[in-house]
Amino acid sequence: MTYTYFPGCTLRTKAKDLDHYLRISAEKLGMELIEPADWQCCGGAYSNAKDEIANKLSSVRIIMDADKNTGKVLTVCSACHNVLKRVNDDLKNDENFAFKVNNYMKPEVPYSGNVEVIHFLEALRDEVGFDKLASMVVKPFTGKKIAAYYGCLLLRPGKVMAMDDPENPVIMENFIKAIGGTPVIYARRNECCGGYAVMEDPAIAAKRSGAIIENAKDMGADLMVTACPLCMYNLKKTGPDTGIYYFTELLAEALGLKED
Amino acid sequence: MSVNNEFRPKIVAFCCNWCSYAGADLAGTNRLQYPADVKIIRVPCSCRVNPMFILRAFQRGADGVILCGCHPGDCHYTSGNYFARRRMTLLFSMLDYLGIEKERTRVEWVSAAEGAKFAATMNDFVDTVTKLGPNRRLEDLRCKN
Amino acid sequence: MNRIGVFVCHCGTNIAATVDVHRVAETLGKEPSVVIAKDYQYMCSEAGQNMIKDAIREYGLTGLVVCSCSPRMHEATFRKAAASAGLNPYLVEIANIREQDSWIHKDIEEATEKAVILGRTAIAKVQLNTPLTAGESPVTKRALVIGGGIAGIQTALDIAEAGFEVDIVEKQPTIGGKMAQIDKTFPTLDCAACILTPKMVDCAQNDKITIYSYSEVAAVSGFVGNFSVKIKRKARFVDETKCTGCGLCTEKCPQKKVPNEFNLGLDNRRAIYIPFAQAVPKVATIDPDYCNMLKNGKCGVCAKVCGAQAIDYKAQDTYVEQQYGAIVVATGFNPINIDAYDEYAYSQSQNVVTSLELERLMNAAGPNGGTLLRPSDKKHPKTIVFVQCVGSRCDDSRGKGYCSKICCMYTAKHAMLIREKYPDTNVYVFYIDVRTPGKNFDEFYRRAVEQYNVHYVKGQVGKVVPKSDGNLIVYGSDLIEGKRLVIDADMVVLAAAIEPDKSARSIATMLTASMDTNDFFTEAHPKLRPVESPTAGIFLSGVCQGPKDIPETVAQATACAGKVIGLLVKDKLTCNPCVAHSDELMCNGCSSCEKVCPYGAITYEEKGFRQPDRTTKMRRVAIVNEAVCQGCGACTVACPSGAMDLKGFANKQIMAEVDAICL
Amino acid sequence: MADKEQIIRISGVNPLKCMKCGKCTATCPNYDEMEYHPHQFVYMVEHGEIDKLMASESVYKCLTCFACVERCPRGVEPAKLIEAIRTEAVRRQGCNRLKADDIPARIDDDMPGQALMMATRKYTR
Numbered sequence: 001m002t003y004t005y006f007p008g009c010t011l012r013t014k015a016k017d018l019d020h021y022l023r024i025s026a027e028k029l030g031m032e033l034i035e036p037a038d039w040q041c042c043g044g045a046y047s048n049a050k051d052e053i054a055n056k057l058s059s060v061r062i063i064m065d066a067d068k069n070t071g072k073v074l075t076v077c078s079a080c081h082n083v084l085k086r087v088n089d090d091l092k093n094d095e096n097f098a099f100k101v102n103n104y105m106k107p108e109v110p111y112s113g114n115v116e117v118i119h120f121l122e123a124l125r126d127e128v129g130f131d132k133l134a135s136m137v138v139k140p141f142t143g144k145k146i147a148a149y150y151g152c153l154l155l156r157p158g159k160v161m162a163m164d165d166p167e168n169p170v171i172m173e174n175f176i177k178a179i180g181g182t183p184v185i186y187a188r189r190n191e192c193c194g195g196y197a198v199m200e201d202p203a204i205a206a207k208r209s210g211a212i213i214e215n216a217k218d219m220g221a222d223l224m225v226t227a228c229p230l231c232m233y234n235l236k237k238t239g240p241d242t243g244i245y246y247f248t249e250l251l252a253e254a255l256g257l258k259e260d
Numbered sequence: 001m002s003v004n005n006e007f008r009p010k011i012v013a014f015c016c017n018w019c020s021y022a023g024a025d026l027a028g029t030n031r032l033q034y035p036a037d038v039k040i041i042r043v044p045c046s047c048r049v050n051p052m053f054i055l056r057a058f059q060r061g062a063d064g065v066i067l068c069g070c071h072p073g074d075c076h077y078t079s080g081n082y083f084a085r086r087r088m089t090l091l092f093s094m095l096d097y098l099g100i101e102k103e104r105t106r107v108e109w110v111s112a113a114e115g116a117k118f119a120a121t122m123n124d125f126v127d128t129v130t131k132l133g134p135n136r137r138l139e140d141l142r143c144k145n
Numbered sequence: 001m002n003r004i005g006v007f008v009c010h011c012g013t014n015i016a017a018t019v020d021v022h023r024v025a026e027t028l029g030k031e032p033s034v035v036i037a038k039d040y041q042y043m044c045s046e047a048g049q050n051m052i053k054d055a056i057r058e059y060g061l062t063g064l065v066v067c068s069c070s071p072r073m074h075e076a077t078f079r080k081a082a083a084s085a086g087l088n089p090y091l092v093e094i095a096n097i098r099e100q101d102s103w104i105h106k107d108i109e110e111a112t113e114k115a116v117i118l119g120r121t122a123i124a125k126v127q128l129n130t131p132l133t134a135g136e137s138p139v140t141k142r143a144l145v146i147g148g149g150i151a152g153i154q155t156a157l158d159i160a161e162a163g164f165e166v167d168i169v170e171k172q173p174t175i176g177g178k179m180a181q182i183d184k185t186f187p188t189l190d191c192a193a194c195i196l197t198p199k200m201v202d203c204a205q206n207d208k209i210t211i212y213s214y215s216e217v218a219a220v221s222g223f224v225g226n227f228s229v230k231i232k233r234k235a236r237f238v239d240e241t242k243c244t245g246c247g248l249c250t251e252k253c254p255q256k257k258v259p260n261e262f263n264l265g266l267d268n269r270r271a272i273y274i275p276f277a278q279a280v281p282k283v284a285t286i287d288p289d290y291c292n293m294l295k296n297g298k299c300g301v302c303a304k305v306c307g308a309q310a311i312d313y314k315a316q317d318t319y320v321e322q323q324y325g326a327i328v329v330a331t332g333f334n335p336i337n338i339d340a341y342d343e344y345a346y347s348q349s350q351n352v353v354t355s356l357e358l359e360r361l362m363n364a365a366g367p368n369g370g371t372l373l374r375p376s377d378k379k380h381p382k383t384i385v386f387v388q389c390v391g392s393r394c395d396d397s398r399g400k401g402y403c404s405k406i407c408c409m410y411t412a413k414h415a416m417l418i419r420e421k422y423p424d425t426n427v428y429v430f431y432i433d434v435r436t437p438g439k440n441f442d443e444f445y446r447r448a449v450e451q452y453n454v455h456y457v458k459g460q461v462g463k464v465v466p467k468s469d470g471n472l473i474v475y476g477s478d479l480i481e482g483k484r485l486v487i488d489a490d491m492v493v494l495a496a497a498i499e500p501d502k503s504a505r506s507i508a509t510m511l512t513a514s515m516d517t518n519d520f521f522t523e524a525h526p527k528l529r530p531v532e533s534p535t536a537g538i539f540l541s542g543v544c545q546g547p548k549d550i551p552e553t554v555a556q557a558t559a560c561a562g563k564v565i566g567l568l569v570k571d572k573l574t575c576n577p578c579v580a581h582s583d584e585l586m587c588n589g590c591s592s593c594e595k596v597c598p599y600g601a602i603t604y605e606e607k608g609f610r611q612p613d614r615t616t617k618m619r620r621v622a623i624v625n626e627a628v629c630q631g632c633g634a635c636t637v638a639c640p641s642g643a644m645d646l647k648g649f650a651n652k653q654i655m656a657e658v659d660a661i662c663l
Numbered sequence: 001m002a003d004k005e006q007i008i009r010i011s012g013v014n015p016l017k018c019m020k021c022g023k024c025t026a027t028c029p030n031y032d033e034m035e036y037h038p039h040q041f042v043y044m045v046e047h048g049e050i051d052k053l054m055a056s057e058s059v060y061k062c063l064t065c066f067a068c069v070e071r072c073p074r075g076v077e078p079a080k081l082i083e084a085i086r087t088e089a090v091r092r093q094g095c096n097r098l099k100a101d102d103i104p105a106r107i108d109d110d111m112p113g114q115a116l117m118m119a120t121r122k123y124t125r
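Chains as they are written, first to last, in my numbering: chain A, 1 to 260; chain B, 1 to 145; chain C, 1 to 663; chain D, 1 to 125.
Hint data in this document are derived by calculation from the structure and do not stem from the laboratory. From the three backbone atoms N, C-alpha and C, an ideal C-beta is built for every residue, glycine too. No incorrect hints appear here.
Computed footprint of chain C on chain B, listed as stretches where at least three residues anywhere in the stretch have a Cβ under 8 Å from a Cβ of chain C:
| hint | segment |
| --- | --- |
| 1 | 27-34 |
| 2 | 52-63 |
| 3 | 76-90 |
| 4 | 101-113 |
Okay, the calculated beta carbon distance ranges per label pair:
| hint | chain 1 | residue 1 | chain 2 | residue 2 | range |
| --- | --- | --- | --- | --- | --- |
| 5 | A | Gly143 | C | Gln451 | 49 to 59 Å |
| 6 | C | Pro288 | B | Thr29 | 42 to 52 Å |
| 7 | A | Met105 | C | His455 | 51 to 61 Å |
Can you build the whole structure from these sequences, using the hints too?
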């Protein structure tokens, strides 16, 4: 299992934990991560406007680079994953976009359309397998009620992201089961935390995140896990003592890799 | 005949009576347009279409031939469309060998309820054949009095 | 020498608006062998037909071409007209210049040119037509009804009433279908069981009707008038002839944790069970997935308590073969699986239920004995939100593109019944449109609003958030007020779309009956032949053809029975004369044709042929059984010697059509 | 004058597909912050009232969380329409919603760079 690992900018700065615990867990699980030497930002947000080509080019570059080696881009940040997966989908299915991009980038070999953008959770599910993961757990979260927070970027648009059922996802819940915890199902797990609107008005993020935390706690959650640095920021800012972790941190802890 | 030199292809469409011909009728009932270049020959089943008919069409100057039948598993005669599919696979590979572009022949499954699909298929096929230009490879002038 | 008559129909303006019909008639009139060419406003009218008949007599026509609508519409009409004027009906060809010309083109020049070519093609073909005579085949005077819901029951009763034998095949242990699960019916609010169960009993008692319950159709062969059907009778492990339906076994069975499908899993039944009190046949069935005796040989309680000694743990599936003249499809519907619509939290909360589940919750024979209690904590709900169109009218991969038709009315019924019984309950109905066409339907809906004060809100619910106390926060648009409502509800009821039963697809394949993209059976004509499949001898009853409510279903079921009776009263059916025929002089007996024939219509015979030297040589040649051949033409292409040909669609005829098109 | 066709073209959304059920608005997490709600965006674009929408604060309140896109029974995709209007507004006004000078006041030590990056994409040229 070899992947081109794309950590993304935030994982180098504010979300070092998300990255660090992923790397040590991946090694333990037998996943080989190749980090391209000179990767650039994915672009941050996918532009929905059909006439926006330029700001998708950095993602195109990452995908085309992966095309030359492993053919599999591994991501973990929800935002990077969303952008890369959707740009990859455009390259495969939007003829007009692909044509313009090829014209501009002039790659030596045209994009094969074979690159897969894979989220670390998907790799855990499909390549490692939750059963195998469970068998490797040394410090299970037995008795812990853990609420998975998906947010919006991982699941939507469902047809493109295709990670799981966008309204009734199970991938994080199955991950929680694999590390010995008890998943808590709550309705707002796939609602937005407020996202980038925190720059527009912090009150928006506080309200959105507050409703999510309240819902998770009401349904009995002890802990919450997320895959997204921005969700983490908004949730933590709103409910500092909620117990919110990156899922990779719990993974590393369950595997006995977390230094105390 | 119109005098402009824009190429309009001659397309022969064989349609089975139960599904595709009814689908074509439905396209009509719903007023879904497709080019007048398509002329339909009604046959009881797609398996009635002898590869000879298709060769004859090309010999006579057709630019494209399409065969439409019921969806696999839905044939009115249980298995006719499977025979048709197998026969056409052989014929088309032979035509390909002879240098007749693969795009000039096609097999499509269109049910009686798929008027929209019928029209879309015909539009696409005519478009494809028009782009290829006239077919002269098999045309036999002796056939033309 | 051919003498062809050409008649071009205007079809009012349907054809004439886009096709220059005079020019078509004039041009085709100049074709060699055409002796008369005319156009007329409505060829199918009596005057139009008379024009054809007169021409046949006057000009001694040898062939007739009508340029008009699709042959699927009026070929029979013109053939009949020709026959009445003394011309063999199979010397008539139709050029389809309406559905396949005037209706799909706008340019008059192009459409006219195409009409001429289509006319020419028909002329080319008709010159090679030969007079054909249709044979006859006998009719088995027995009908099969697939599905024992209200549609199947009504059709069977009506056919039996006319004196014909009818068999009902029902895959469940009892007949009754969805109607048996419903509490009250709209718009009269009479009890569903009270009007359905007498009909179920009538079926059981009618000596013309045989019920094969817990059975499935396994294979179908043959054709109209002569179907042969294999019915699989699933092992019930209870001898139907011995079981008295006392129900003792169903009380003593120790396996109590089996989800009760009749109550949609809202409560449990035993491993041996009778679905409901009025089941027909009222006999027990053992569920092999749960029975300990069948699974590991450890139990046997039911056999011990059965006074009638009806239990047979060693029972096997059995098969029955039966002949039928007609087959009725009445396979019905199911609500769709709404797991994909989890923004409504159906999978997250027991208090979010489907409308069919609500029927059971409100039914006196249901899990709560008719008291409406919410499933999570058995409390009386005080606020109930109904959500319409869950999966109906959806242009996405989750739902169905069509309107399920019955939801508006049953939701009004539910809302009304709840307000009637529990006046302290707040009831909201979120609707996109309220659709109530039907006798006394809109009046019924207005009563729900005006008399029962049900809150109808124009808008849709977007999200349901369950709370730990079992309550539900419902977010819904109120488009009239222009705001969003946030309702703290005790229960949410989802009007799930309905879809054809899953078994319908395989049944359609067995019957070679066509279906639409939603798996509803296609009717022979959407307006004029609504209860027949395009496949002769197959008839449609109930929701298998499209969503409908009970009164419509019963009306269609009876109409369907009428069509079946019309077929069964005939002693002989006219066969399709367009069948295969082998030229024995060219046939070399290679068996290629026999191998592709789906009907086994081809046999071989050793036949003597006179040789030039006046000796007789014996040779094996193919013989087509014309009563069995359905005229698909598979054999004609398989034949390497060109001996096999199809009457009415002969090689030469089709070649002539190809030539005419490519000219 | 804002052009309806332009909005339809860059969003790829066909407002005529809307059957006016209001589900987008019902499911919008940021309903309370908006003057015009998702279904109104669709309806007003259909009727060419683009200028009103462009001038409204609502275009900056949409979280682009795609709840409305995912749940719309007719596949209308209101969020794409809103983004097209916002993009057009930002492009036209020649001004950025998010001014460089304002940024320092809005960020703190914990805020991930991603927030700034996304906001820049959504709010500026």
